[in-house]
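Please arrange chains B and C on chain A, whose structure you already have, making use of the hints.
Chains as they are written, first to last, in the numbering used here: chain A, 1 to 479; chain B, 480 to 574; chain C, 575 to 1068.
If you are wondering where the hints come from, they were derived from the structure by calculation, not from laboratory data. Mixed in with the good hints, there may be bad ones.
Derived list of chain B stretches under chain A, where covered just means 3 residues or more per stretch with a C-beta under 8 Å from a C-beta of chain A [stated by the list, open to error]:
{"#": "1", "segment": "535 to 547"}
{"#": "2", "segment": "559 to 567"}
DSS-like cross-link-like pairs, simulated, lysine-lysine; straight-line CA separation at most 25 Å [as the list claims (entries may be wrong)]:
{"#": "3", "chain 1": "A", "residue 1": "78", "chain 2": "C", "residue 2": "817"}
{"#": "4", "chain 1": "A", "residue 1": "360", "chain 2": "A", "residue 2": "392"}
{"#": "5", "chain 1": "C", "residue 1": "914", "chain 2": "B", "residue 2": "571"}
{"#": "6", "chain 1": "B", "residue 1": "547", "chain 2": "A", "residue 2": "21"}
{"#": "7", "chain 1": "C", "residue 1": "914", "chain 2": "A", "residue 2": "217"}
{"#": "8", "chain 1": "C", "residue 1": "950", "chain 2": "A", "residue 2": "75"}
{"#": "9", "chain 1": "B", "residue 1": "562", "chain 2": "A", "residue 2": "132"}
{"#": "10", "chain 1": "C", "residue 1": "662", "chain 2": "B", "residue 2": "562"}
{"#": "11", "chain 1": "C", "residue 1": "817", "chain 2": "C", "residue 2": "950"}
{"#": "12", "chain 1": "C", "residue 1": "819", "chain 2": "B", "residue 2": "543"}
{"#": "13", "chain 1": "C", "residue 1": "1034", "chain 2": "C", "residue 2": "819"}
{"#": "14", "chain 1": "A", "residue 1": "78", "chain 2": "C", "residue 2": "961"}
{"#": "15", "chain 1": "C", "residue 1": "634", "chain 2": "C", "residue 2": "592"}
Examples of chain B residues lying across from chain A (beta carbon under 10 Å, computed) [unchecked claim]:
{"#": "16", "residue": "489"}
{"#": "17", "residue": "493"}
{"#": "18", "residue": "495"}
{"#": "19", "residue": "530"}
{"#": "20", "residue": "532"}
{"#": "21", "residue": "555"}
{"#": "22", "residue": "571"}
{"#": "23", "residue": "573"}
Using N, Cα and C, we set each Cβ at its ideal position, and we do this for glycine too.
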Amino acid sequence: MLREDYEIVIGLEVHAELSTKTKIFCSCPTEFGAAPNTHTCPVCMAMPGALPVLNEKVVEYAVKAGLATNCSITKESKNDRKNYFYPDLPKSYQISQFDKPLCTNGSIDIEEEGKAKTIGITRIHIEEDAGKLNHNEFGSGSLVDLNRAGVPLIEIVSEPDMRSSKDAENYLRKIKSILEYIEVSDCKMQEGSLRADVNVSVRKKGAKEFGTRTEMKNMNSFRSIVRAIDYEAERQIEVIENGGKIEQETLRWDDVSGKTFSMRDKEDAQDYRYFPEPDLVAIRLSDEYIENIRKNLPELPESRKKRYLEEYKLTEKESKMLTASKYMSNLFEESLKICGNAKAVANWLLSDVSRILNEKEIEPDQIPFTAEQLAKMIMLIEKGTISSAIGKKVLEELFENPKDPEKIIEEKGWIQISDEGAIKEVVMKILGNNPQSIADFKAGKDRALGFLVGQAMKETKGKANPKMLNDMFLEELKK
Amino acid sequence: MQVSREEILHIAKLANLNLKEEEIDTYLLHLQDILNFANIVSNAPVDDLNESIGANDTYNVFRKDEVKVFEDNEALLQNAPEKERNMFKIPKVIQ
Amino acid sequence: MNITELTVHELQEKLQSKEITIEQITKAYVENIEKYEKDVQAFITPLKENALKQAEEIKKKVENGEITNPLAGIPIGIKDNICTKGIKTTCASKMLENFVAPYNATVMEKIYGENMINLGKLNMDEFAMGASTEYSYFQTTRNPWNLNTVPGGSSGGSAAAVAANMVPWALGSDTGGSIRQPASFCGVVGLKPTYGLVSRYGLVAFASSLDQIGPITKDVKDAAILLNVIAGHDEKDTTSVNKEKVDYTKVLKNDVKGLKIGIPKEYFGEGINSEVKQSLEKAINIYKELGATVEEFSLNIADYALATYYIIACAEASSNLGRFDGIRYGYRTANYSDLKELFRNSRSEGFGAEVKRRIILGTYVLSSGYYDAYYKKAQQVRTLVKKEFDKAFEKYDVLLTPTSPTVAFEIGTRSNNPLEMYLADICTVSVNIAGLPGISIPCGVDSKGMPIGMQLIGNKFAEETILNAAYTYEQKCRFRDVFKSDNVSPKGHM
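Looking at chain A on its own, in the form it has when it is part of the complex (with noise of 0.2 Å):
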C-alpha cells in the first residue's frame, strides 16, 4: 500500500483513433486486419513528392471530442511537424499541432467514492498514428507494416489532476465512454485505438511544487494502468525515501514482471524541433460551423441516466452503469425495443453480463452476441420455454457460440416441460419416493414443498416449469 504521508499525482495523454473511413492525409482506408502495406499509397508510405491533404472528417471529429469536454475550440489553428527518426513513422516527421491545438481548457467530471470530481483537460489535437513495427518469427529483424501509418488520432492531455490509479481508471472510462457516445472513436483498447500515455509523479502531502515525472507509454489496458501507477507510485517513494532522485524518463511497463523499466538512452535528448507544417494550409473555424457541431453533438451519457432514471424507472445505480459505457447501454435499448421490458434487460446486463465481462476481462464492446440474441432470451423465459436457470445457460452459450437463442435451447434439448401430462408424471414419481415428505408437509413443514420441487428440478435437470411444478405438488399434497 502507498505511504499515506504521499500524494499521487497523475495526468493521462490519451490516444484515440478517430473512427474515419479513411486516413488523415490522404484517401487510404482505415480499416484494421488487413494485409501488411496493403491500405497505402505515396502519401502514407512517404514517397519522395506525395504530399499531406487533410480529412476534413478528422477536424470535425476532433471539434467533436472537444465540445464533448467542454473545451474552447481553437478558431486559427494549423498543423506542425515534429520531427524524430523511428522505423514506423516514414517522413521521420509526424504531423501534429503544436502551439495551436484544435482544442483547449476542457474538464470532465469523474465520480470517487459518490463524489464528484472534475479532472482538467489542457487540449485535445489531431495528428496521425505511425506505422507497425513487427518481431519478424519466421527470421531476423524487424518488418515494418505502413497500414497504421497515418490513421488519424486525437491526443486528448489532461491536467495533472488525478491523484490515485483509481482516478485514472476512472477518468479513462469516461473518456472512453464519450468518445464511444459521439462516435468518434470506437475506443477498442485490444486493437490498440485507444492507449495512453501515463505521467507520474510523487510528493509528499501538503507539498505545493510537483515532483519529477515518469512517463509510461502506450498502456492499453485498465487494468495494466493502474498495476502500472501504483507500481510506479511505489518505485518513486522508495527512491525518495531512500535519498535519491527521480530522473525524468520514459518507461516500458512489463505486464508480465509487473514493473517498469528505462526506455530511451538517457544520451539522445529528444528535441523534435516542431515547426509549421509548409504543405497544409491553416485551419479556420467559424461560429457557425462550431455551433452546427454543438447543435448535432449526440446525446452524452449524462442524458441518457437521466432517461433512463424518468422513462425506464430505473435506479440511480443500474442507470448510471448502463449508461457507463455506450455499447452497454445501446444493448440495452435495443433489446428493449424488441423484447419492451426494461427491468429485465437492465438486470440482465448488470448481474449475468457483467458477471461474464469480468470473468473474462473483457469490455462491453467485445460482447460477441446481438441484442436481438438477448432480446429472445429474455421472452423465451417472459413465455415460460425456459426457466432463468436455463436462461443463464443460454447466456454463457450466447459469449461462446452466439446465434439464436431458441436454436440453441433446441439443439441443448433445453426447451421447459410445460406439458401436463409430463410434469404430472414426474411430480408423482417424486411423490412416490418421497412419503415422507408428504407426511411432513400435512404436518404443517411447508419447507417439504421446496424440497419436493427441488428434486423435481434435478430429475428434469432443471427443464421443468417450476410454476408447473409448484402448483401441481400443492393440488396433489391438497388431496
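Relative to the frame of chain A, chains B and C by itself:
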C-alpha cells in the same frame, strides 16, 4: 552566436548524420559563416509582424472522407532495399 | 530547315502545315542528343528509344484522329526531381540512384495527358541544392555557350538541354532561383510561376513553401504555352490555388505602353558585375523606347530576404529529407549492425556534402534554443518581404532586376566557399520568399559572348503582365535571331 564542436555533433546526431573527424571543422566553419550572415534577420524591423507560414495566406483546404485505393500497390514496395512478406525489413527493434 | 532550331510554336505551325511529321521532330532531337550529350551531359536518364517508339505511336493516333491535342508528339525534357512513374527519378543523388517512382507527378499527368513525349530526365544539383549542377552526384553539366563554364543550377540540365537544342523545352523547379538563374546562364527563357499556380505533387520537396515547377523554353511564347499545360489547381496539393484558368498565350500583346516598371536600385549595387549592369541598363532604355514608364526606387530587403531564404529553405529541407532513411526506398548502407547505424550510415553515405551542409544548418535553426532567433524571426522577415513587395506593386506593374549578379562562371571556381555561393542568389530568392512570379529572359551577352539574363518580377498571379513585358522586349530585340548566327550559337562552341 558561436557554434561549438559539441553543438555541431549534437545537431548531426539529431539529423542522423555522421561527421567524420576531418569534416567537423569544415562544417563548423561553414555553419558559423552562414549563421553570422543569417544573424542579420535579428536586426530586421519586424517587431509587430506576424509569422508567415507559407507564401500564401490560404486556409481550410480539406479532403472528403472517401476511400480511394492506390492503384499500384506493388510499385510502392519495389524500391525497398530489403523486404519480406510485403513488409520492409530492418534490423531487430526491441520495443 | 533545322527542326531543333525551332521553337515549339513554330513546330506546331510546321506540323499543322504538314511540312514536318511528329516522328521527324523526335528523331531530330534524338540525333542532337547523340551529337551533343557527350559534351554537355545534361541528361541523367535519356529516353531515346522510348521516345522514338512513342513518337511513332502518337503519330498514328493523330493521323487516325484518335488524339487531337495541339501538343501531341512534342518532346520535352524533365528535371530529375519530378516523379515519373516507371522511370528513374534520382534527384541527382546517390540516395535515389535507382529509385523508380511509383506514381506520376501531377505535372507529368498533364504532360502525358497532352500526349507529349518525355525525352529524358535532366541533370541538376543534388536535391536541387546548388546553382551550377556541380553538386550532382552523377556529372557536371556544361554550358553549351562555353563548355568550360557551368550551366547554372539547380535546373542546369534543363537549361543546357534547351540551349543545346537537345530538347525543345523542359521543366525545371525553382526554390530560390533554380529555373531563372540557369536560364540566364544558358541564354534561354525561364519562368518561376506564382507559388500555388502549379501543383507540387510529385516534385521531390526541397523547401515546400518555396518550391515551384516552371518552364524553361527557347522563347516567351513557348513559356506561355507550357505554363498553360502545367498550371491549375490540384486537389492533391493543398497549397495549389483554386482560381480561374488563364490562356497565357492570349496575353502576349507585344505592347508595353503605359506599363509601369520599377527598378529596385539595391539590385544594381556593388555585387553586380558591370557588364551585367550595362546590359540591363540597355534593356531598361529599350522599355522606355517601347513606351513603358521606368522609375528607380528603393526595395531595401535583399539581404534580409537572402538570410531568411537560407534559414527557411534549409529548415524545411532538413525535415523534408528525413524520409530518406534507407528503409522503404533509396540507398541503404552495406555497413550496419543495428537501426541507428542503418539510419546514420545510409544518410551519411547517400547524401552529398552540400545536402548535408544544408540539413545541418536547417536542423540547427530549428533546434531548441535557436528556433526563436532564426526560424521564427525568418518567418517574420518573410512577412516583411511580402509587405515591401505589396507596397512596390501598388506603384509598379513589373519590377526589373538582373537575374544573377554574374554570367556563367567556370566549372570548379566557386564551390569552396558556401556563403559566397549563397550570396549569388541575391537577385532571385526574394521572389520565392514572397511567392511571386519571376521570369528570366536573355538581354545580351558579355564581352566573352556569355549570355546575360534580365529578371521581371510580377505581383501574385500576374504572370500575364510579366509574360507580356518579356514578350514585347523579346519581339523588339530578337535575342535568338541575333545570337543564333554561327559565331555565337551553342554549336559554334562544340
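Against the structure, the hints:
1. With a cut-off of 8 Å between beta carbons, the segment 535 to 547 of chain B has 13 residues touching chain A; three or more are needed, and the interface restraint holds.
2. Closer than 8 Å: that is the beta-carbon criterion, and the segment 559 to 567 of chain B has 5 residues meeting it against chain A, so the requirement of 3 holds.
3. Restraint check for residue 78 of chain A and residue 817 of chain C: satisfied, since their Cα atoms lie roughly 23 Å apart, inside the 25 Å limit.
4. Among the hinted pairs, residue 360 of chain A with residue 392 of chain A is consistent with the structure: their alpha-carbon atoms are about 16 Å apart, no more than 25 Å.
5. As the CA atoms of residue 914 of chain C and residue 571 of chain B are separated by approximately 11 Å, the hinted pair is consistent with the 25 Å bound.
6. With a C-alpha separation of about 10 Å, the suggested pairing of residue 547 of chain B with residue 21 of chain A holds against the 25 Å cut-off.
7. Taking the CA atoms of residue 914 of chain C and residue 217 of chain A, the gap is about 21 Å. The hint holds against a cut of 25 Å.
8. Restraint check: the Cα-Cα separation between residue 950 of chain C and residue 75 of chain A comes to about 22 Å, which is no more than 25 Å; the hinted pair holds.
9. A threshold of 25 Å between alpha carbons decides the hint, and for residue 562 of chain B with residue 132 of chain A the separation of about 15 Å falls inside it, so the pair holds.
10. For the proposed pair residue 662 of chain C and residue 562 of chain B, the alpha carbon gap of about 20 Å is at most 25 Å, so the pair holds.
11. Distance check on the hinted pair: residue 817 of chain C and residue 950 of chain C sit about 30 Å apart at the alpha-carbon level, beyond 25 Å; violated.
12. For the proposed pair residue 819 of chain C and residue 543 of chain B, the alpha carbon gap of about 24 Å is at most 25 Å, so the pair holds.
13. Between residue 1034 of chain C and residue 819 of chain C, the direct Cα distance comes to roughly 15 Å. Compliance with the 25 Å bound is thereby established for this hinted pair.
14. Taking the CA atoms of residue 78 of chain A and residue 961 of chain C, the gap is near 22 Å; set against the 25 Å cutoff, the hint holds.
15. Simply put, residue 634 of chain C and residue 592 of chain C have alpha-carbon atoms about 14 Å apart, close enough for the 25 Å limit, and the pair holds.
16. The restraint placing residue 489 of chain B at the interface with chain A holds, with a minimum CB-CB distance near 8 Å, inside the 10 Å limit.
17. Taking 10 Å as the C-beta contact cut-off toward chain A, the hint placing residue 493 of chain B at the interface holds, the least distance being around 6 Å.
18. The beta carbon of residue 495 of chain B is positioned within 10 Å of a beta carbon in chain A (closest approach about 5 Å), and the interface hint is therefore held.
19. For residue 530 of chain B, the shortest C-beta to C-beta distance to chain A is roughly 8 Å, which falls under 10 Å, so the interface hint holds.
20. Hint status for residue 532 of chain B relative to chain A: holds, with the closest Cβ pair at about 4 Å, below 10 Å.
21. About 5 Å separates the beta-carbon of residue 555 of chain B from the nearest beta-carbon of chain A, less than 10 Å, and the hint is met.
22. The beta carbon of residue 571 of chain B comes within 5 Å of a beta carbon in chain A, closer than 10 Å, and the hint placing it at the interface holds.
23. A cut of 10 Å between beta carbons decides the hint on residue 573 of chain B: the least distance to chain A is about 9 Å, and the hint holds.
Checked against the numbered hints above, the structure violates only hint 11.
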